[in-house]
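Using the hints provided, position chain B with the ligands relative to the given structure of chain A.
Note that the protein sequences, when read in sequence, are chains A and B.
Note that our numbering gives residue 71 to position 71 of the first sequence, counting from 1, and the numbers run on in steps of one.
Note that our numbering gives residue 10 to position 10 of the second sequence, counting from 1, and the numbers run on in steps of one.
Now the stretches of chain A that chain B is said to cover, found in silico as 3 or more residues with beta-carbon under 8 Å:
| id | segment |
| --- | --- |
| 1 | 176-184 |
| 2 | 187-193 |
| 3 | 197-205 |
Only part of the chain A face toward chain B is listed, based on derived beta-carbon distances under 8 Å:
| id | residue |
| --- | --- |
| 4 | Val-170 |
| 5 | Leu-173 |
| 6 | Arg-322 |
| 7 | Glu-323 |
| 8 | Leu-326 |
Distance condition first, Cα-Cα at most 20 Å in a straight line; then the derived DMTMM-like pairs of lysine to aspartate or glutamate:
| id | chain 1 | residue 1 | chain 2 | residue 2 |
| --- | --- | --- | --- | --- |
| 9 | B | Lys-124 | A | Asp-191 |
| 10 | B | Lys-175 | A | Asp-320 |
| 11 | A | Lys-184 | B | Glu-156 |
| 12 | B | Lys-12 | B | Asp-33 |
| 13 | B | Lys-124 | A | Glu-188 |
| 14 | B | Lys-106 | B | Glu-202 |
| 15 | B | Lys-12 | B | Glu-202 |
| 16 | B | Lys-175 | B | Glu-129 |
| 17 | B | Lys-42 | B | Asp-85 |
| 18 | B | Lys-171 | B | Glu-161 |
| 19 | A | Lys-184 | B | Asp-178 |
| 20 | B | Lys-106 | B | Glu-200 |
| 21 | A | Lys-184 | B | Asp-177 |
| 22 | B | Lys-259 | B | Glu-26 |
| 23 | B | Lys-124 | A | Asp-320 |
| 24 | B | Lys-106 | A | Asp-189 |
| 25 | B | Lys-124 | A | Asp-189 |
| 26 | B | Lys-157 | B | Asp-173 |
| 27 | B | Lys-124 | A | Glu-323 |
| 28 | B | Lys-124 | B | Glu-164 |
Read the hints as simulated data drawn from the structure, not as lab findings.
Yeah, the Cβ is synthetic: ideal placement off N, Cα and C, and Gly gets one too.
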Amino acid sequence: MDWGSIFELSLRELIGVQAIVFALAAIGINVQFGYTGLLNFGQAAFAAVGGYGIAVIVTTYDMSFWLGLVVGIAGAVVLALLLGIPTLRLRADYLAIVTIAASEIVRLVGRSAWGRDVFGGSDGITGFSNDFYDLNPFSEPLELGPFEFRERVLWVLAVGWTLVAICTLVVFLLMRSPWGRVLKGIREDEDAVRSLGKNVYAYKMQSLVIGGVMGALAGMVYSLFQGAMQPDVYATNFTFFAYAILILGGAATVFGPVLGAMIVWFSFQFIDLALRGAIGQGYIPDWLMDSNDTGAVRFMLTGVVLILLLVFRPQGILGDRREIALDAR
Amino acid sequence: MPDDNVSSLTAKREAAVAAFADVPREPGAKKPDPILVADDVKRNFGGLLAVDVDHVEIQRGSITALIGPNGAGKTTFFNLLTGFDRPNSGSWSFNGRSLHGTPPFKVARAGMVRTFQLTKALSKLTVIENMRLGATRQRGESFWRAMLPFTWRSQEKDITERAEDLLARFKLDTKRDDFAGSLSGGQRKLLEMARALMVEPELVMLDEPMAGVNPALTQSLLEHVSNLREQGMTVLFVEHDMDMVRDIADWVVVMGQGKILSEGPPETVMSDPRVIDAYLGAHHDQSLAELEQEFESGALTAAAEAELSGDVAAAPSSEPQAPPSPTEDAPIDGGPADEKPAEETVAAERTGDTKDGR
Ligand SMILES: Nc1ncnc2c1ncn2[C@@H]1O[C@H](COP(=O)(O)OP(=O)(O)O)[C@@H](O)[C@H]1O
Ligand SMILES: [Mg+2]
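One chain only, chain A, in its complex shape (with noise of 0.2 Å):
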């Protein structure tokens, strides 16, 4: 086994796009979930509408890029409108039902046979990433010791980070400031919070579409990178990943969701590589697994990962242990 490129492998995925949309996806969680304490389950959905804002603005319209990423955004603040209005005055768990449900509406509808002329039906959508590609100042691929990086990547990474960065930037700033202090209040006890004057309402809202945006930034740059906006990308497990990575990175901290996304596609690769390995080599026998399963048991491998993790270190790698000493009380 060639552990020497089973490493280099999984350093690319340490920084790869699957990380970034990840991350982005998570950082929005984050805020939501970790600061505020609201149960999105639906942040598929979000990143989903960001996808199909530049896909149908750009292919099915035939207008212009901008104009797509204008509307992925605007689509996102639509959706959390439309789903905080009715929900965030009802206790938490209304949002997390109806954010679920939307989530696979917004799929359901987006791999309809009824909605093919503008969303593409199941094969979704492709043709709209010329724009964003003809953008890219790259010209040559990219060399970095034993890494060799195509400009199309080398585009799509360096535009995924510095919005990982700007995200991540943003919740730092919010979260050291008076407006993230009421939203953390609102996660411990919404009613004293409202009791000292603070609109809990307005900020839960405020919570949600930022989130959500930054979950519509986390699916153009994903339909970018395949250059194709396919609906079933975004089906609820895309929601549950971007949590265990929120959890696995630590929950309410600022760089949480960033790591805990490196780290689990660095491992996915690795594992999965380091498997295939063992089987080629005849470590594994064929009557356990062969080279089809290693799909499987990665995320197998994943849930004890983090099963293991809550049990020794349920605030996550970055989270501080008194916070959750406090939840015993």
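Below, chain B with the ligands alone, put in the same frame as chain A:
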């Protein structure tokens, strides 16, 4: 505390007491300068009329106690007045401005701030952050300005100073950077009260500020509450501890089964037969443990005797020849019951739990 402060303390109290001189001792009595006026406030919980207040006024600059047995509707009345619950009917005004249908945050901004029977310290925020949260009109609480620290930093500094002063006054300054969740029950009550003061309210509504508080802290809590009046605030508080009521209240309003039963200065009210009756009636709702406790202290036998005499209402006043036994008024006042304020309040909080777990 400096001397002139003490004298002004008595002055304020005297003024408050004097204001009540001509107020009739009857439910719904008109006050010379009411800060809060409520009319015909009703709240129904599936057939149970939890609050049914015809008329009540709270005198500005005074400390008014709202007492009554468990389940009398005191907390529900607080919830209605502060917008946390909606009444079936009724209206009320604060400083002459109608607050009917006003959401809680606007009620607080109007200057009417309440605390909760079940303390709501924000556990994962530090003590100082809890305090800062209480300040209103913060520039940094708007989304866009939040990201530009230079727009709110100087205000944050002022807020922090004010918070630190209050913490020092409440002897919580050593806990400044601890998580609020690590404080003891009594310290949380103090923190909640101090945090409410950060709002700079005109009317402070305290729901059982003493419940569950270590008796060692009681005295200082009492001082804090009477200090509020010194600073020109009006206080309305719910309390079961009759010593506290007697010590600091200028006026007492008694609720029973949702209605205002009686009003008057503490001494008058505590010997009011209707009040004693209301408290005796409350025994039906009490737990066995409490009954046992009161049995031991002689309170319950008093109740039983009073009931047997068939003249409950008149019992305390119509038998002047009876020795000043602890029995007759034990449940609300004096006697052996007084020797166990801690258990009493803890028990009160426990029974309150189920009702307030909204
Ligand atoms: N949310 C609620 N739902 C149903 N009944 C309630 C609710 N809140 C209070 N009650 C009932 O209303 C009555 C008054 O309760 P409460 O205001 O908590 O009394 P107090 O604070 O005087 O002890 C009680 O009988 C209680 O059971
Ligand atoms: Mg109560």
